[in-house]
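**Student:** Okay, here's what each chain looks like letter by letter:
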Amino acid sequence: MESESDLIIKSKQGNSDAFSSLISRYEDKIFNLAHKVCAGMPAEAEDVYQETFLTAFKKLPHFRADSNLGTWLYRIASNLCWMRFRKTRGEPVVPILDRTHPHDEDGNSDHSPLWRDWSDGPEELARKKALREAVEAALGDLPIDYRLIVVLRDIQGLSNEETAQVMKLSVAAVKSRLHRGRLFLRDRLDKVAA
Amino acid sequence: MMKCRELLKHLSDYIDRDMDASICRHIDSHVKGCKPCITFINTLRKTKGILQRQPKAVPSKKLRSELRRRLSQG
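Respectively, the protein sequence lines represent chains A and B. Remember, this note's numbering sits 3 above the position in the first sequence when you count from 1. Remember, this note's numbering sits 12 above the position in the second sequence when you count from 1.
Derived from the structure by calculation, the hints contain no laboratory data. Quick caveat: nothing in here was measured; it's all calculated off a predicted structure. Glycine included, every Cβ here is placed at the ideal spot set by N, Cα and C. Since no wrong hints were added, every one of them can be taken at face value.
Each pair of labels, with its calculated beta carbon distance range:
hint, chain 1, residue 1, chain 2, residue 2, range
1, B, Ile35, A, Pro98, 20 to 26 Å
2, A, Pro98, B, Gln85, 46 to 52 Å
3, A, Ser27, B, Asp40, 44 to 50 Å
4, A, Gly73, B, Gly61, 20 to 26 Å
5, B, Arg29, A, Leu57, 38 to 44 Å
6, A, Lys194, B, Arg17, 21 to 27 Å
7, A, Arg89, B, Asp30, 27 to 33 Å
8, A, Ser8, B, Asn54, 41 to 47 Å
9, A, Ser27, B, Asn54, 39 to 45 Å
10, B, Lys21, A, His65, 37 to 43 Å
11, A, Met4, B, Gln85, 24 to 30 Å
12, A, Asn18, B, Gly61, 39 to 45 Å
13, A, Asp101, B, Gln85, 49 to 55 Å
14, B, Lys44, A, Lys61, 55 to 61 Å
If we take Cβ atoms under 7 Å as the criterion, some of the chain B residues that face chain A in the derived model are:
hint, residue
15, Ser24
16, Thr51
17, Phe52
18, Leu56
19, Thr59
20, Leu63
21, Gln64
22, Lys68
23, Ala69
24, Val70
25, Pro71
26, Arg80
27, Leu83
28, Ser84
Far from chain B, by Cβ distances over 12 Å, these chain A residues were calculated:
hint, residue
29, Met4
30, Ile12
31, Lys15
32, Asp69
33, Asn71
34, Arg87
35, Leu172
Sequences and hints are given; from them, build the entire structure.
**Tutor:** Right, dumping it as structure tokens:
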């Protein structure tokens, strides 16, 4: 199998077969990112998938040899998603962050009515159709700046540092958005999973 | 003793095991005596687990071919 750097050199010279080999290494990851970020909008996800690689092929002469191709492709795809959903920018509403906690207010530790445990394990829950639909709907309602971070970190499995490189953010900003995004999703899934 | 609200901002780092050991000890100490916080941490952890276990979407054969066709056309 040809090395990635050899395929990049050939692709830079306009060899579409070499670029097709590069696509094969990343297309499932890019498609899954697009599918999850364009929650419930499969046609948009297909457009992002195609546009990512068409844009990459055009911009490949500017790709620096010391860069990571996967990170670069994720960045192109994330930008394309962001452009589509930029109208949804803003902070997600997370009730727990916006109300005074009873424990702090009156010293009473009995705040159990606030939280309900979820009976099923994640594996069982993840198989449930209703829950999958709830995840998709909740992701769709999460503002794009937070949705991208949650998808890159928790669905695509990137580290905080890799996500920061893709999004050109500090690690602290990634962690902050990830936390708020997770709290938003926890709140939404609570209605289904509890 | 850390209060519930102070704890809240650290919980993603806590479930990711990506935090200063001293803060981690404070949280461990708090949750020992706080059932609601245990429940909340469990549900946040399950949220992460549910996201990690979402089924992977893959492009159809037709879509893969369409992309290659568009690329070869330049």
